[in-house]
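Residues per chain, in single letters:
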Amino acid sequence: MATRIQVSGLDIHYDRFLAVQDVSMDIEPRQVTALIGPSGCGKSTLLRSLNRMHELVPGARVSGKVVLDGQDLYGPDVDPVRVRRHVGMVFQRPNPFPTMSVYDNVAAGLRLNHRRMPRSEMDGRVERSLRAANLWTEVRDRLHRPGSGLSGGQQQRLCIARAIAVEPDVLLMDEPCSALDPISTQAIEDLILDLKSSYTIVIVTHNMQQAQRVSDTTGFFNLRAAGEPGVLVEMADTTTLFTRPAKQATEDYVSGRFG
Amino acid sequence: MSLSTTDTEPDERSAAAEPLTHGTLPASGPPLVLLGAIATGAVLWLLGWNPALSGIVAAVGYTAVVYVWSRAVEEARAARDRLITAVVSSAFLLAMLPLVSVLATVVSRGLARFDGEFFTHSMRGVVAEGGGVHHAIFGTLIITGLTTLISVPVGLLTAVYLVEYGRGRLARAITFFVDVMTGIPSIVAGLFAYALFVLFFGPGVRMGIAGAVALSVLMIPVVVRSAEEMLKLVPNELREASYALGVPKWRTILRIVLPTALAGIATGVTLAIARVIGETAPLLITVGITTSDNFNPFDGRMATLSVFSYYEYVSPGVPPEASLDRAWAAALVLILIVMALNLVARLISRLFAPKSA
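Each protein sequence line maps, in turn, to chains A and B. The UniProt record's numbering puts the first sequence at residues 1 to 259. The UniProt record's numbering puts the second sequence at residues 1 to 357.
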């Protein structure tokens with residue numbers, strides 16, 4: 001199920017503005033890859049280019065290659081909708097569908113994609129996804145209450161359950177804990193470590209401790225200079241990147257001497 | 001200004017130099033002034049002044065007395081606060097006045113014929129007393145229903161286009177013309193629909209569907225506007241969440257965006273119906289009036305409450321009182337229908353609103 005992603009020579013533009021330049025990286029299956037770096041350096045933009053969410057912004061375009069299990073996501077005739085069925089995403093702020101119950105939120109991806117299945121199978125799928133998201137015991141009694149009635153941390157786990165219910169190969173997480181308190185953050189981090197065994201996970205985070213806690217590989221992004229595009233400065237095994245970085249810029253950033 | 005802590009001179013901004021309290025008017029002061037102002041207005045009215053002028057004198061008098069008094073006792077900001085409070089309250093009362101007056105007049109005059117016969121009989125064969133608006137109530141409901149049937153799909157789809165798909169010049173042009181359409185005088189809409197139907201059916205054509213087309217011209221821009229605003233309120237995050245699940249755009253709109261905005265759209269549609277249900281001029285041209293039941297909008301003249309009310313007033317029978325009573329009662333029925341629609345709108349928005357907890 002888990003899949004390797006190979007990014008090579010990726011440039012991302014917003015109209016004329018080059019946001020991210022010449023990124024090449026390999027994202028290993030069944031591992032957590034963290035992307036760190038200062039605000040505005042293109043981490044989220046790069047993340048969103050991995051499931052073609054990026055192009056929802058008018059004027060956005062991408063050149064280069066993102067290869068998912070041998071298929072180029074940006075090849076001709078590639079349907080972005082199909083790409084997103086394989087590459088799920090969790091957002092910065094929890095965004096459960098407000099018109100739907102907890103159950104319907106988890107089932108949303110399956111139902112909206114017209115995957116008809118018997119009630120019992122759907123029930124099983126929802127329960128498995130909620131269990132995988134460590135949310136089942138908390139919501140089993142209120143599956144048919146609105147999803148927006150849960151706490152922020154529970155909502156975020158509900159969004160993760162919703163994302164994994166469609167059984168994607170890759171899970172992208174865009175600062176999934178930045179709107180949450182430390183307890184909920186820990187719950188999400190534990191969950192990420194659990195999910196690692198079956199998914200390829202890419203997480204953008206501003207929290208360097210978090211990157212060290214959850215990731216196997218870390219990529220450091222930075223702006224080449226103010227007003228210039230963001231670049232991937234260095235990518236390495238997480239321990240190596242935080243203890244013996246190869247580049248001075250990385251050293252400055254991870255040791256808090258940035259700027 | 002010195003920031004030194006050894007400074008022994010009291011700082012000019014310290015509490016000692018500027019006390020934190022100021023004089024206040026006695027709590028019963030402003031209400032007493034208000035009573036005095038109302039009494040003065042009443043006396044002027046009884047002395048034979050114009051009631052509107054008496055009211056204005058009372059309002060201005062209250063405002064001036066409270067402001068000057070507050071200025072003398074309290075500080076300038078408190079006085080300004082009282083001044084603005086008085087002005088805002090007066091404006092509110094002024095806006096309420098015509099509303100209350102219209103309602104009171106229509107209710108008091110309309111009740112004379114608000115009886116069983118009025119709702120169960122048409123005007124067929126009635127020349128003096130008696131008769132009713134059975135035909136006009138159904139005419140209004142049928143024509144407004146057809147209008148809704150035409151306007152809601154067109155308006156809603158236009159709004160979806162503008163919010164979800166429209167880019168560039170075409171979208172801007174549509175927005176511009178929708179705004180222009182909002183300002184079209186209703187008589188122009190009526191003439192347009194009449195001219196359109198004359199093309200197909202020849203001069204002198206009168207039918208309910210022509211009226212519905214005329215009203216649609218008025219209703220579509222209102223529906224587009226309100227639906228557009230509601231769709232814009234749907235957080236983009238919800239669309240992204242849906243796209244990230246691999247849901248195509250059209251199904252995201254149908255299953256996520258529209259349900260989330262449904263409460264607001266339903267309210268907007270109901271208010272748009274309320275806006276056109278009382279239109280008279282376009283129906284006068286396109287539908288005309290009749291005295292008997294005609295529930296077929298594709299064949300001949302129909303009666304509607306607004307046009308009925310108008311004709312009863314401009315060409316009363318003998319004696320005229322019966323016609324005038326019917327005109328008022330028809331107006332009352334129309335207001336009650338609009339009121340019921342507004343209540344339905346509230347109910348709908350409560351039922352469909354995104355739930356929490």
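Among the hints, a few may not be true.
[What the hints assert, rightly or not] Distance condition first, Cα-Cα at most 20 angstroms in a straight line; then the derived EDC-like pairs of lysine to aspartate or glutamate: (1) K65(A) / D79(A); (2) K249(B) / E164(B); (3) K196(A) / D69(A); (4) K249(B) / E55(A); (5) K249(B) / D69(A); (6) K65(A) / D104(A); (7) K249(B) / E237(B); (8) K196(A) / D237(A); (9) K249(B) / D237(A).
Since the hints were derived computationally from the structure, they do not count as laboratory data. Here the structure is a predicted model, which means the values were calculated and not measured.
Quiz item: For the pair supplied as a hint, K249(B) and E164(B), is the alpha-carbon distance within the 20 angstroms limit?
Solution: holds, 9 angstroms
Exercise. For the pair supplied as a hint, K249(B) and E237(B), confirm whether the alpha-carbon distance does not exceed 20 angstroms.
Key: holds, 14 angstroms
Quiz item: Holds or violated: are the alpha carbons of K196(A) and D237(A) at most 20 angstroms from each other?
Solution: Answer holds: K196(A) to D237(A) is near 16 angstroms, not above 20 angstroms.
Exercise. Decide if the proposed pair is consistent with the structure: K196(A) and D69(A), CA atoms, cutoff 20 angstroms inclusive.
Key: Holds. K196(A) to D69(A) sits at ~18 angstroms (cutoff 20 angstroms).
Quiz item: Is it true that the CA of K249(B) sits at most 20 angstroms from the CA of E55(A)?
Solution: holds, 13 angstroms
Quiz item: Is the hinted pair K65(A) and D79(A) satisfied, with a Cα-Cα distance of at most 20 angstroms?
Solution: holds, 15 angstroms
Quiz item: Under the criterion that the straight-line Cα-Cα distance not exceed 20 angstroms, is the pair K65(A), D104(A) satisfied?
Solution: Not OK: K65(A) and D104(A) at ~36 angstroms, beyond 20 angstroms, violated.
Quiz prompt | Holds or violated: K249(B) to D69(A), with C-alpha atoms at most 20 angstroms apart | solution = violated, 26 angstroms
Exercise. Would you mind confirming whether the straight-line C-alpha gap from K249(B) to D237(A) stays at or under 20 angstroms?
Key: violated, 38 angstroms
The structure fails to meet hints 5, 6 and 9 from the earlier list, while all remaining hints are met.
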